[in-house]
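Starting from the structure of chain A, add chain B where the hints point.
There are 2 protein chains.
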Amino acid sequence: MRISDLSRRSGVPLPTIKFYLREGLLQSGVRTARNQARYEEEHLVRLRLIRIFTDIGGANLGSVRTILNAINDPYLPLHDLCTVVHRTLYTEQPVTEDAPGMSEEQASVDKYIDALAWRVAPDAPGRAALASVMTSLHGFGWDCDVNIFAPYAEVADRLACQEIEFISPDATRAEAAATVVIGTILFETALVAMRRLAQEHYSCIRFGFDAEQSRTA
Amino acid sequence: MRISDLSRRSGVPLPTIKFYLREGLLQSGVRTARNQARYEEEHLVRLRLIRIFTDIGGANLGSVRTILNAINDPYLPLHDLCTVVHRTLYTEQPVTEDAPGMSEEQASVDKYIDALAWRVAPDAPGRAALASVMTSLHGFGWDCDVNIFAPYAEVADRLACQEIEFISPDATRAEAAATVVIGTILFETALVAMRRLAQEHYSCIRFGFDAEQSRTA
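Protein sequences, first through last, are from chains A and B.
When you line the first sequence up against our numbering, it's residues 123 to 339, in that order.
When you line the second sequence up against our numbering, it's residues 123 to 339, in that order.
Excised from the complex, chain A in its bound form (with noise of 0.2 Å):
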């Protein structure tokens, strides 16, 4: 296809498109004229890849290429893959580590996850995410320890579980690794976004109009 039916299909714009290229984040068409190439589905593929990264992962252009790097090489297993496309994420939402009492906080953070016996590395910035919820938490006097944690992290291994099991063994690397990065950001965007909907709901039932006609009558 030409460069424009890219642009079409995908939904980015032409000059978006040629800035890729010019990055080097997408790989070049077949020139078939002077001033034409004819690009594959596997450039539709890239290009739709490149911006569930920016659009709905929210990386920059440095954490793209990082994790389409990732993607690309052969021999880096899958399971480091997953590690790079979380830690990626996570430098784009930056975590306070310097508040007081954090050290603390993420000593009971880690004993948690190891009670858990999930293998997970030392060094997972999930671990300190957590530690700066609990921080924070107590910043604001809640007086609760670790375990107010334990629905989420029911939760989170009861889909964590089904998300990896849904990859199929027949997989190629490259399908495998495309299911880990869709996986990841997108089931998150989708899970974010449902526990939002149901928060408004529960909201709605609870403080909404209803709710406060039925309290003052």
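In short, the hints are calculated from the structure, not lab data.
One or more of the hints may lead you astray.
[Stated by the list, open to error] Taking beta-carbon pairs under 8 Å as the criterion, some of the chain B residues facing chain A (in silico):
no., residue
1, I235
2, A237
3, L313
[What the hints assert, rightly or not] Some, not all, of what chain A presents toward chain B, calculated at C-beta under 10 Å:
no., residue
4, S150
5, V152
6, R153
7, R173
8, P199
9, S225
10, W240
11, S258
12, L281
13, T306
14, A315
Beta carbons are placed, not taken as given, at the ideal position from N, Cα and C, and that holds for glycine.
Just chain B, lined up with the frame of chain A:
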């Protein structure tokens, strides 16, 4: 306490606190001398709230102001506060809406939400986020319909119900408001962190070093 104590206890640098004071995000302390003012516990709470928005929620100053104004408005129903927080957080995470086929995806997502009987506004941004995820999945050739979101909807329903129930009926408006905001942002961070950690765990079991070894043995 003095401004230096405020900085020490919150972990927020002095120049940042002064910036928040100048911007009116943090109310001024009571002047005790020409160059000194006294700050109360409520300043500390407010400061921590601002940091949650900026560091964890990724909000810019305009969004922080919007949320703080909503919290401070005693006439704004709690349900509307919840809506303001969700909408403000979503402006930080723009969702592509111009992708081809988006309106069909939106229609099927809306039908799905209707079937759940969730009371959410027609313009709730979570709807567009889900449609955008579905558009991306189809763009990658996934042959799925909205039912792929079912495990996420189920989990979200359960968590959100607990979260809204968690707010004590005896809470003052200010306390309930803080809980809505903290609950939305902090436990979203916790949920996302837990899911990523659990993914790392199951990815390790399935694709990690031990799994690789046993496959090639």
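Now for the hints, and whether the structure bears them out:
no., hint, verdict
1, I235, "holds (7 Å)"
2, A237, "violated (13 Å)"
3, L313, "holds (5 Å)"
4, S150, "violated (22 Å)"
5, V152, "violated (22 Å)"
6, R153, "violated (26 Å)"
7, R173, "holds (7 Å)"
8, P199, "holds (6 Å)"
9, S225, "violated (12 Å)"
10, W240, "holds (4 Å)"
11, S258, "holds (6 Å)"
12, L281, "holds (6 Å)"
13, T306, "holds (6 Å)"
14, A315, "holds (4 Å)"
Violation of the numbered hints given earlier is confined to hints 2, 4, 5, 6 and 9; the remaining hints are satisfied by the structure.
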